[in-house]
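Visitor: Kindly generate the complete structure, drawing on both the sequences and the hints.
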Amino acid sequence: MAFMSEKAVLHNFDSFFNKDEAVEKYAGHVSFLPSHNLLAIVTSDGDTVVFSGKNTTTQDGVQSFKPKASIVLDNDVATCVHLLPVASKRTSFIGGSWCTVVVGTQTGDVVFHNEEGLPLLRQNLFTQAVSGVCTSINAALEGYLYATSGPVVNMVGYGELVVELEGRFNTLILSPGGRIPPSAALGWKSLRLQQVKNTQAVAVTHHGVVECHFDQLERCTIERYGSRGEVSNASNVLVSSVGSDPFYNLTVSRETTQTNLVTDLAVAVASKFGKMLSDNVPFWSSRTPADAETDHMPKISSLGVFAQHGLFDRDRLGTHLCLSPSKRFIALADGLARIILTDTVTGVPLYVIKGYRRVQLGWITSASLDGSGRQVELLVVYSAKLMQIELWNTRKASRVTAFNAPEGLGMLLYNSGNFAKGPRDDGFASADRQTYFLTKNGRLYDIRISFSEALDFEDINEMQGHLDDLAEVKKILGEYCPGYNLDRFEKLLKRFKRVSLVQQIVKMVCDCPAVDESLVEILIKTLKGKNFRGARKATVRIQGNLSRIARLVDLHQHLKESYTSWQGELRDLPTSSDLHTMNKFKGVFDYDAKDYCFRLSDLCLGELLTNFAVLVDTVETKIGIEQGEEAESFVARLLWAAAENEDFFRLMQEQEICMWSVTSCLLHGLFSSSISVKERMTQTFTALGHILAEVRAQNENVEPFLTEVYEKITETENIPAAMLASFMMRTLLSPEKVSLLEDIEESLECKVFAGLFNQLQSILPLAALLRCRIKDETLPANEYAKTFPISLKGLSKSEGHISDIVSQWICEQRLNHEHLRKALGRPSVVPCFEDTLDTSTISLDAALQLLKDIRITFPVSLQLETLLANCCWSYLCLWNQNIHDAEILSWSMGFLRAIQAYKLKEGLCHMIWKSHLQVRVIAMARIMEQSGILPDAQLEHHVQVGRCALGKFFSFCSTILDIIIESMLPSEDAEILCPLLKEEVLSAGFAEGNPSLISQALNLPQVLRDTVHLHYSLVTILAYCTQFNLDETRPLSLFDSAAQSALSEDLCEVYQRYNQSGPAGAVSAHRMTFLRRTIEGCVQRLPEVYMPEELLECQACVTRLIDLAHSWDIDTDVINKEYVLQLYSGGHDQLAKEIMSQVSDRRAMADSLIIMIGLRVRALLGQIDRDTCEKLGVVSTRLNRWMAELPDKILRCTTNSTASILSLVQSVLLLVAESSLEAQLLNDVVLVLTNLQSVKAVGAEVDK
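Note that the UniProt record's numbering numbers the sequence shown so that position 687 is 687, with each residue one more than the last.
If you are wondering where the hints come from, they were derived from the structure by calculation, not from laboratory data.
Among these hints, one or two may not hold up.
[As the list claims (entries may be wrong)] Below, computed lysine-lysine pairings styled on PhoX-like, alpha-carbon distance capped at 20 Å:
hint	residue 1	residue 2
1	K497	K474
2	K7	K66
3	K54	K66
Guide: Laid out in C-alpha cells, this is it:
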C-alpha cells in the first residue's frame, strides 16, 4: 500500500511566504537535496532561505530542519534557487562533498553561495531575469550546470565549475569576510531556442551524455547521441517544448559545429491535436510537414532538420512538463484540465487523463526486492483543488491509489535526477530522485509504494479488498493457538490469487511463533500446485518454498517422536600431546563457557521455520540456514542435542538439507564457545563424524565439503577451537588401523588438515599475545587499550600484516623502543616463556619473553629494524586519531631515531613526510598567509594538529627533514643494511612475505635536495612564527614565486622546472624582518641566569636561522650582528662577546653598539639617587644631547652595572678611529662611568 511517511519538519517555514497566495505558486522556487539534508526556498520578498537538517536531533524518525542561512542580494531579488552538490576527485584540504546554493536573480545574474550563505562566485549571463537553474551530471561526475532566461539556455561544464568553486571556498575559509567575489572566466556556452508563440516549457535532449530538465523554462533535459554515417563531431539534438501555437512540438536537428553545442534550434508543428484524437491517425515522424499546416509553421533555420514531430492545438495552453526518472516519458499538463503522457523519443502521446486543474506532477520509482533489478515508474499527481495525491501506473494507464494530502495544501518537490545512474556508486543517494510533498506548515513527506502493489493492482477497490483480507489473516496468525480459526484461515487463503500477496502470507505463517503441523498442512494443501497471477518465476519459487516447509515438518515430527528411543553414544575425542599446548594459552581466549540447556522435547516447529532458510528466491532445492548469529547458534545447539542419533543426520540428508550449511553452523557454535566444556567437544566430534559419513554415503564429492570446513577453520579468531576442529577433521579422515603394527599411509586430505593444525599451533602464541593487555607501573596507564584478535587467513591476506598488527599492539600498550631492543636485541633459538596465561592481563616481563619466542617463528616480521619502523609508523597513525597528544609524537620520534639501517630510515622519513606531514605544513602556511594568525578551530579542522602538540609537531618535522638531508650528503660510514629474507615459511601452504612498509620504504626514489630544503625552510619559519607569536609574518611571502610554486608540489617533483629569479626587494625586506624578530624572540626567552640546556636551545635556534639565511643568500654576519645586539640588550654580555668574535666585519657593528651603550648609560643614570647625582657633577653637554636624541627603546636587562657598560665601551673603542667623534663620545661615557664608580665608592666608605 502506498504511504507517506513524515521525513522532516521545517521550523518557521510559513513565515517566509505570503499567506494570501497559493502555496503551489512557490513550487518552482524550492530546491531540496535529501542526500545533504538541505532545502532552499525563494521567499515572497525575493530573499533565499536555506534550511538544514545537519547535526539536528531526530525524534521518532523525523528530522528537524532549521533556517541555517538567509541570502539577501543588494539591489536585486532572487527568482530561482538550486542546490548543487560539489564532489571532486582531486585532493583538497577542505575534503569531502559539500553543497553550493545557486541563486538566479532578477537582473540576469547567477550567484553561487556556500551552505552558510557566503558568496563564492557571481556571473552575469542574461539581460533579463533568470527563470531557472539546474544540473545534469552522470555517474562519472561529468555534465553541465544550466541557467535559462527566455529562449536562451547557458551551460558550463561541471568539472570546470567545481575547480573554481573549491578555489573560492578555500579562499573563503582562509580569509573570512563577506564581499561579493568578482566574476570568474568560466567557459559558459549559449544554447538559443528559436521560439514559437507562447512557449511555456522546453525540454532539449542531446542523446547519450547528460540529462536534466527545465519546467516553465526552469528545467531542461539534455542528452547527446551520434548518428551512423555522420562526421565525428556531429550529433543529433532533440527539442521538446510545450506551450500554445503549437501545444507540443518535437524537433530533431543535426549539429556539425566544432563547439559541439547548439547555437540556434528550430521548432516545427504538425496536424492539430483534436484531429489526431478524432481520426486516430496521428501525424508523427514526418520529414515534410502537412500542407494544411505549412502556413502556421515558423521558418526552419539552416541547422539541418532531420525530422519534425508536432502536436498543434491553438486552444490548448501547456502549463507543466515533467520528465520521468528513466527519461522515457514526459507528462504534460495543460490549461484544459488534461494530463497527457508522451513518449520522449517519438513524441507520440500515449494516454490522456481528464479532469485535473491546478495540478502538480512528479514521479517515483519502486524496485523489486527479489534482486532482479526490475523497476516500475509511477506518475505522482497532486491536485491542489481536491487536495489529493494520486499514483498512476504508466504501463497500464491505471490509477494505483489515491489518498488525501496531509494537512491539505502543499507542493510537490521533484527533480528528474541531478545525478544519472551509473555502473558504480557516485556517492549521491537515490533519494534525490524521488518526489516529496511539502505542506504549507513546513512538514516534509516522502511517498513510497511496494513493487508488487505498484505492478499488480489495477483498481483501488480490488486492492482495498485484498488488503482487508490480508489484515484479517495477520490478525488470525497473531492470535493463533493450535486449532484456532483454521476454517476461516483456509477460506481467506483461497481468495488470494496474486503471487505477491501469497508470498506475504507464506512468510507470515513461517514467522508465526505458535505455528504447528495443522496450520502448515492447510497452507500446503491450499497452495500446492496452484498457479497465481503475477510473474511465473515467482510462482515457481513459492512452490519450491512450500516443498521446503513440508520437508522441515517431517524433520520436526521425527525429532518429536523418536528422541526418547535413540540408540547411540558420543564418540570420545582421542587424546594427543599436540593438544597440550592449547592449555597454556586457553585462559586468554575468554569465550562463553556456559552449557546451554537445549531439550528436544521443547523444540517447536516455528523455531525450525525461522532459522532454516525456507523462503528463498533461488532455484536451489536444498534447505540452507538463515544468515545471522542467532540462527547459526540455534542449529549448532540442535546438532549437539541430536549428536547421538545417526538417523537424524541421515534424515537431514534425505530431506535435502544442505550439509555444508549445517557444518558451518556446527563449527560456528564450536568457535563461539570455550574448549573447556568437554561434553560440547565430544558432541561436536560425534556430529562431524556423522555428517562426514552421510556425505560419503551419498557418493558426493567430498572435496568441496572439506574446502568449506578448511575455510571456516582459517577464518575464526578462536585459535584453540580452530586447532581442535582441525585435529577432529584429521582424526576423522585418518584410516582406521586394524593393528598397532600396521603402517597405513595418510590421505592427502588428512595431510592438509595436519598441516593446518601445525600452522595454527605456530600462530597460537602470537594470537594470545595480541589478545593481552600489559599491566605495569612503569608504563602509562591505558585501561582501554585495544586488542587485536587474529585468524590464520587474516595473517596471510597481505604482505607485512604480521609486522603491522604487532606494531599496533605495541603502540596500544605504550611500549617504547628500549623495550623492543630488550626483547629482540638478541635473537633466541629456544623458547623461554614457560608460564600459563590464565587471564588476558600479563606483566611486562612476560610480554617481552613471549615476544622473543614469537620471533623464532616469525624472524622476518619481528626483526628489530623492521618492527622499529612499523612502530614508528603506527604511533604516527595513532597520533592522527589523537592530535592533541604530543607524547605520542615523542614516542614515534624515539622509534625513528632507534633505527640504524640508513636506507630504511631515509625511506621511512620520505613516506612519513609525504603521507602525514607535508599536507599539514602547506595547509598551515596557507592559513597564516591569508589571515596572519593560526586560530585553534582552523588548526584542528584543516591542519589537524592540536595546539598543545604544535611544538612537538614542528620538532618532528625538522627531525624528518634533517634525516632526509643528511642522507643526501656523502658519508664514509659503513652502510648498515636491513637484512630482509624473501619469505618465512611456517609449513606447507602458508608463507608471510616481506613487510610492505619496509618494501615501500626501501624502493622510494631519490629526491632533489633543493625541494627538501624549501620544505625545511618553511617548517623553520612556521615553527618560529608560532613559537614567538610573529602574527604579522606571512610565511609564503618570504619565498619568491618559483619557490611558492614548488612548495605546493610533491617532494619528488623537479624544482628546476620553475623559473628561478632573484628575490625582489619586498621579499628581501620581509626576510630581514622575519630574521630580526625571530632572533629577538629567541633571546627574550633566555633568562638572565640560564641553565645549559636553555642556552643550547637558543644556540640551536640561531643555528637554524643561519642555515635559513644561507639558503636565502643572506650573509651570516647579519644574523650574528643582530644576535649580538639582542644579547647586549638582554644583559648577556659575556655570551655577546663570544658571538661577536665570530663576526668578520665587526667595525660595521660600532654604530649599533654605541646606541646600545647610550641606552644602557641613560638607564643607569636614571636609577641613581639625588645625592649621588649632585656629587657626580656636571655631565658634558655633548653627552647629554646625544642621550636625549637616542631612540626610545626599552632595555630588557635588569642588572645594568657600571663595570659591564665600561667593558662594552672598551670593546667598542677598539672598533672606531681614535680621533673620531664616536671615540670622543665614548671617552665622555668612560669619564662619567669612572666618576660614578668613585662617588659610589666614597659613599660606601662613609656608610661604614
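Visitor: Each hint should be assessed against the structure and marked as holding or not.
Guide: Evaluated hints:
no.: 1; hint: K497 to K474; result: holds, 17 Å
no.: 2; hint: K7 to K66; result: holds, 14 Å
no.: 3; hint: K54 to K66; result: holds, 9 Å
Comparing the model with each earlier hint shows no violations; every hint is respected.
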